[in-house]
Amino acid sequence: MLRHSHTRLATTLLSSLSLASLALATPAQADTLNIGVMGELASFDTSQVSGGVWESQILMDVYEGLLKENPEGEVMPGMATDWDISEDGRTYTFHLREGAKWSDGAPVTAEDFVFGWQHLLDPASASKYAYLLYPIKNAEAVNTGDRPLDALGVESLDDGKTLKVTLDAPTPYFLQLLTHYTAYPVPKHAVEKYGKQWVKMDNIVTNGAFTPVEWVSQSRISVEKNPDYYEADEVELDGVNYFNTEDRNAAISRFRAGELDIVRDYPSSRYQWLEDNLPEATHLSPMLGSYYYVLNTREGRPTADKRVREALNLVARRKVLSEQIMAGSFKDAYSLVPPGTSHYDVQRMDGVDGDYQERLARAKQLIEEAGYGPDNPLHLQLRYNTSDEHKKIAIALAAMWKPLGVDVEMTNAEATVHYQTIQQGDFDIARAGWIADYNDAENFLTLLRSGVGNNYGGYANPEYDALLAQAATVRDLDEREALLEKAENVALDDYALVPLLYYVTRNLVNPDISGWQDNAEDDHPSRWVTFTE
Amino acid sequence: MLTYTLKRLLMAVPTLLIVITISFFLMRIAPGGPFDGERQLPPEIEANLKAAYHLDEPLPQQYLRYMGNLLQGDFGPSFKYKDFSVTELIAQGFPVSLEIGGLAILLALLVGLPLGVVAALRRNSGLDYAVMGVALAGIAVPNFVIAPILALVFGVLLAWLPAGGWNGGALPNLILPVIALSIQQIAYIARMMRASMIEVLGSHYIRTARAKGLSERQVIWRHAIRPALLPVTSYLGPAIAGIITGSVVIEQIFGIPGIGRYFVQAALNRDYTLVMGTVVFYGALIVLMNLLVDLFYSALDPQIRYDD
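Going down the list, the sequences are from chains A and B.
Heads up, the first sequence is in my numbering, so the first residue is 319 and it goes up one at a time.
Heads up, the second sequence is in my numbering, so the first residue is 26 and it goes up one at a time.
Isolated chain A, as found in the complex (with noise of 0.2 Å):
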């Protein structure tokens, strides 16, 4: 129906009844792969996009920029084969790949790089994750509007074989960000044409190893082989169909019945199942993601005093968490910045998981020095966004902190209405989570910066923002490494938040799959998939 932009209600109405009486199963192709996502693109336009695990899934396999990830989730030449980074860390110099084209044939050139990440950071993209390419030299001020589009330090070069990128400060993990699809260019030749009609499926056209062909809306996106992709002799499948399976249950029915060959999620609750009946098909590994609660350190609240915090993050029992009341489908998590993360080695939290009893006569002697008592409860407010899971984990933890006399009290709210009220501070504990947007640690580090957004409990250390300051100056990975490690020990010693858990990817994957991988950052790109069957 996508076809028929504007076709008047009535006629559609009549014509796709017919249609949809007439149509037939389409034949079962052995080559085509069926994945189970959890949720419906935004768009195709990659600045409009709403920032979903499932989102970058489809686009990724549709689009592909200056670096694309192999099945391990390791970046590797994409657009570009090879790249010159200057001296001081702030040029980089991509040499663009011969031969590499759009679905219609016309040549990728730096020019549709310097258009597609114009188009994202233009005001009137209003694009939510436009601010992930501010390291480019003035991206913020073009951003805002302050500056016009030229000034974006993006220069096209030799007539298009060449792009130039300027940045504003030594940026270690640049190369791992331009795999990002705000990063990937953007048919310039097509918008041209089309205007904003460019990502009807009629007028589409993809870099990547396949390109849409059928979108019908919250069921099912389908793509096919790009013949024109570089390497589309050795991309083995013939096309993918994307389902909207937000239904996790229902998806596992429909993986059990062979309708769908690889699933993006399973609910927790079913991991033990799973593992006990389809223990081939189970996937479940780290990934680059932390489930916290949010401590409210302004002033006037409980959770300012540090003796409090620290009281709370000690009885926290976080094995138990992971274990029993999440079934494994966790990780126990002692610090903010997660497993896995890239030239960074995990922090820990001082004294929280030693003996129970040595930490709860610990932590009781602590509520009793900040002034809380028989006479004087501590009474909290704890705020959490509806889900069954997150209430689960809510409740262990009221249950972990009533020994030291703490009175929690829980209030649900739906996601939208969660985020707003703890983003006006009007909390004592909040339930938060952050996965990645890029694997490197301070994507997590700048959750407690000071003034930033989403620090929704208004941490504000001088000494953690200075470091974090100077970490973002220094070109050798070591140093910095050392400086963001050192960043968040600051925020632990502070008992700043309550690390609870790591995140994990689940995943039900077909095993007649082969070149599917589990990797931290949950991306896995069709490309590399077969049947080996």
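One should not assume that every hint holds.
[Stated by the list, open to error] Each computed DSS-like pair below joins lysine-lysine, with the alpha-carbon atoms no more than 25 Å apart:
hint, chain 1, residue 1, chain 2, residue 2
1, A, K709, A, K720
2, A, K419, A, K511
3, A, K514, B, K75
4, A, K518, B, K107
5, A, K720, A, K682
6, B, K107, A, K514
7, A, K479, A, K511
8, A, K511, B, K107
9, A, K455, A, K479
10, A, K482, A, K419
11, A, K479, A, K419
12, A, K682, A, K624
[Said to hold, decoys possible] Some residues of chain A that are not near chain B, with every Cβ distance over 10 Å (derived):
hint, residue
13, N388
14, T409
15, D594
16, P597
17, S603
18, R616
19, L678
20, G833
Quick caveat, the hints were computed from the structure, so don't treat them as lab data.
Every residue gets a Cβ at the ideal spot worked out from N, C-alpha and C, and that includes glycine.
Fit chain B to the given chain A structure using the hints.
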């Protein structure tokens, strides 16, 4: 009849206007906006977004802008599904919901009405208790329980039918969702038909008909069923409007591209334009269905006439 119909349609205009206006302001009063989420946006980006969707204008101005566009048939772009306009989303999803819902209602009538009649005729018999017991269970068990069980049994264990998916509306893909959607309706219709049949069978004109010596078959077919259908008919108006606008549960479990999920998701996402689009659409359908029901009344009951 025509004058009556036109009059009713004219009266629908202020009704819809009130519905639209209340929904518009209620939606804006709801805490949180379309751009609030886990990740707080930098202020400059939020400002860009608000400007792009005219959310930076004063509320009355936004309202006037919306009403102006609406008069030209423009529901605006979806805030969330950016490659589609609200009109496209409804135009793409409604035929699917209409098909599933229409079949479900048809099935519900075909099964529910006879069950109700039979139960009424065999009142207080074992059959009656069995039918009403099953109907009660049908009402009590919600479709988010029935649907996964159907998918599990027929899709996974027996593997007779697809466990989900739409596949362009292929017959095998239709069966389970239609059954899941109709079970509750069958139960309602059977219970309602039974009650109204029992009432009609106790009325004077049925006694008269029997006294005239008409056969039981004639009494039931010609004199009892038609008036007994009246309560079911008034139930059907809003019920049809509700069913053909989709069911979020059935759509999500079976992966069906209908419009039911928009009602819930648009509200949760604060997708203002899509919420308004679904409200206007649903409101208009309710008005239309109620009118059809009233017109159908006169066909069922000779006492009801809409001449002026």
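Check your understanding: Checked against the structure, which of the hints given earlier come out wrong?
Key -> none
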